Amino acid sequence: MQKVKDGPGSQAPANAVQKGGSKSARAWRRLRDNHPFLIMIFPAVLVVFLFNYLPIYGVLIAFQDFMPGDQIIGEYTRWIGFQNFTRFFTDVQFWPLMKNTFLLCIYGFIIGFPLPIIIALMLNAMKSKRMSKALQTIFNGPHFISLVVLVGMLTLFFGRYGLVNNIAAHFGGERVSYFLESKAFRPLYILSSNWQDFGWSSIIYIAALSNVDLGQHEAAILDGASRFQRVIHVDLPAIMPMISVMLIMSIGGLMGVGYEKVLLMMTDGNLEVSEIIATYVYKQGLTGVPNQSYATAIGLFNSIINVILLIIANTTSKKFSENSLW
Amino acid sequence: MASLTLKDIKKVYPNSEEKKSKKKKKGDEPEKQKANLQITDEGVVAVQQFSLDIADKEFIVLVGPSGCGKSTTLRMIAGLEEISSGELYIGDRLVNDVAPKDRDIAMVFQSYALYPHMTVYDNMAFSLKLKKTPKAEIDKKVREAAEILDITQYLDRKPKALSGGQRQRVAIGRAIVREPKVLLMDEPLSNLDAKLRNQMRAEIIKLRQKINTTFIYVTHDQTEAMTLGDRIVIMKDGFIQQIGTPQEVFNHPINLFVAGFIGTPQMNFFENCALSVDAGKYSVEVLGKKIALTEGQNKALAAKGVKPCSVTLGIRPVHMQLDEGGFTGKIDVSEMMGSELHLHMNVQGNDVVAVIPTAGLDVSAHSIGKSVNFSFNPALCHLFGEDGNNLL
Chain A
1 MQKVKDGPGS QAPANAVQKG GSKSARAWRR LRDNHPFLIM IFPAVLVVFL FNYLPIYGVL
61 IAFQDFMPGD QIIGEYTRWI GFQNFTRFFT DVQFWPLMKN TFLLCIYGFI IGFPLPIIIA
121 LMLNAMKSKR MSKALQTIFN GPHFISLVVL VGMLTLFFGR YGLVNNIAAH FGGERVSYFL
181 ESKAFRPLYI LSSNWQDFGW SSIIYIAALS NVDLGQHEAA ILDGASRFQR VIHVDLPAIM
241 PMISVMLIMS IGGLMGVGYE KVLLMMTDGN LEVSEIIATY VYKQGLTGVP NQSYATAIGL
301 FNSIINVILL IIANTTSKKF SENSLW
Chain B
1001 MASLTLKDIK KVYPNSEEKK SKKKKKGDEP EKQKANLQIT DEGVVAVQQF SLDIADKEFI
1061 VLVGPSGCGK STTLRMIAGL EEISSGELYI GDRLVNDVAP KDRDIAMVFQ SYALYPHMTV
1121 YDNMAFSLKL KKTPKAEIDK KVREAAEILD ITQYLDRKPK ALSGGQRQRV AIGRAIVREP
1181 KVLLMDEPLS NLDAKLRNQM RAEIIKLRQK INTTFIYVTH DQTEAMTLGD RIVIMKDGFI
1241 QQIGTPQEVF NHPINLFVAG FIGTPQMNFF ENCALSVDAG KYSVEVLGKK IALTEGQNKA
1301 LAAKGVKPCS VTLGIRPVHM QLDEGGFTGK IDVSEMMGSE LHLHMNVQGN DVVAVIPTAG
1361 LDVSAHSIGK SVNFSFNPAL CHLFGEDGNN LL
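Residue numbers (the working numbering), protein chains in the order written: chain A, 1 to 326; chain B, 1001 to 1392.
Chain A on its own, in the form it takes in the complex (with noise of 0.2 Å):
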């Protein structure tokens, strides 16, 4: 009888001289395995690098004495180094802007954040799953009205002479304009948001739902949950990645709130919490006697305050879960 004489793993795989070779040949197989996947690949690639990467060439002019028509990089390119930063430090606008950006942005977040979990959640627990759908479509709704119509909605819902006022004036309330109230443009801007938001940010929390596991929905009711500890104890636990990925990403973006919006609701009497980074950037780089070297440097500066919190919101999670972007 012959006995084997080699303990297991003491021979070479089968495949071992395929897979040995110099860097550059298992670079180049690897390069030829995945060809297809690189082909298709390259068309976002190229589309990223253009729109995304090479205006980065653009923030140059954030360290100069730049004016409409010169070139970025030419003879009489004139380099100031950090003085534009120096400016907008000691602008007397510079703790006001990070104020109201700052606040605006973590109360939208505070209620934004968790709001198209809960409505994905409930979504996702209702019995009647025609209902689940009818009302996501209901609340997916808003998401495609444009900005403008919905500043205009809110101005016949919440302006002088609006259903809100005309509801109080009846009552015989006083008329508020809440569109030259200060206390009041937060709420409206951010209840707004939400509004047109909730139903389209749940999406992707309610295709994270549906691949949990039913089996173990049904362990739930054999252990006695309710529909509620079921979605305490199975449901949420099952989105929590997703969660984490959201809230980094969340995170990541939280001082980069669009102008847009903003400038729509701006007005003399709301202007003191209204003014935030962006509308400023808008300001100085688009506006009066343009200033894009001064805009720019505070477009970077907030960018740069993004991608710290970004760094820091990853870098946490990755300690205390076992979920992050890298």
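In short, the hints are calculated from the structure, not lab data.
Watch out, some of these pointers could steer you wrong.
Claimed, not checked - Calculated cross-link-like contacts (lysine to aspartate or glutamate; reagent style EDC-like; alpha-carbon spacing at most 20 Å): (1) 127/A with 1324/B; (2) 1158/B with 1122/B; (3) 261/A with 181/A; (4) 1158/B with 213/A; (5) 129/A with 1081/B; (6) 129/A with 1082/B; (7) 127/A with 1122/B; (8) 127/A with 213/A; (9) 1010/B with 1087/B; (10) 127/A with 1081/B; (11) 1132/B with 1144/B; (12) 1206/B with 1150/B; (13) 1010/B with 1056/B; (14) 1330/B with 1351/B; (15) 1210/B with 1144/B; (16) 1160/B with 213/A; (17) 1132/B with 1179/B; (18) 1135/B with 1179/B; (19) 1057/B with 1092/B; (20) 1129/B with 1144/B; (21) 1158/B with 322/A; (22) 1289/B with 1324/B; (23) 1210/B with 1056/B; (24) 1236/B with 1187/B; (25) 283/A with 65/A; (26) 1299/B with 1278/B; (27) 1160/B with 322/A.
Please read all numbers here as calculations on a predicted model, not as lab measurements.
Here the structure of chain A is known, so what remains is to put chain B in place on it, guided by the hints.
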């Protein structure tokens, strides 16, 4: 521990409103059969006329091919599926409308269905926590169950850090920690590899001796059914085909389906055999040879008043032996299984399998393409009438 009674249980998955309206437009259509599903005006019938009494502490195995309704029956017992009609009693209590958590049952799922974010300990303790059981008692019960299943060392791990077999033990642990009256198992071993499945099968037999409760076990694997069950319920197309002990269903299959389903390799069938009777003695002609039936078989056929007719003769491969004076066949495939040799033969156009013990056998003399002579003991053959039912 509790007995169970299932009285004429039926499960119909109703047609959707869309299908109903389509059917109305088309007019009345007769009942039809799609694959193995019966489709009626009510909907798709998954289980019907299911009546069974399960004794306290009995181990019942529901077995049948995919789509036969065995899992649906189990889920109806669990309360995860509504019972369309019929009555289900656990002990003396009618539980048709009782919530699953109040039925005092536990279930082990095919997919384990463990909570991935909880440790093994928390998975096992979850149901007790929901019942607001005191912490000390939870700890005692979980550790006892873990001890029984030999998973104490994994209590702090999460399910993803366990192997398939360990996960299955945790799933069983989660079920037994509740000390249920009835333990339901839905194909619990089907996700495991063959070796682990054999090992876990033995573990379940040991577990049964330790926890002493009523088991209802669903499987499509007839080996599991034969080795685990006190009684086996064989199902097909939503109907019970036969209920009996493993020996009963193996030795006295009630019809062609049961005869073919139980036993590996499958029983050999010889169709269109002429059953004749001469002076009260029955004989059957198979593969051109007339075989006289035994005294017992004669009595059984006479008692049923069986007249000469065409029958299907069934003989299990293990009941065949090499015999120079018997039938001649040509070997198509020869499978050496160690202690036995599986010979797949062609005998006058019929595919026949014989299981021959290898002790003292010249295996090389039974290779592919060679001729072989075999016979079988008539006392061990089965006769099935034209309706497929066993005549003996």
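Which hints, by number, does the structure contradict? 1, 7, 13
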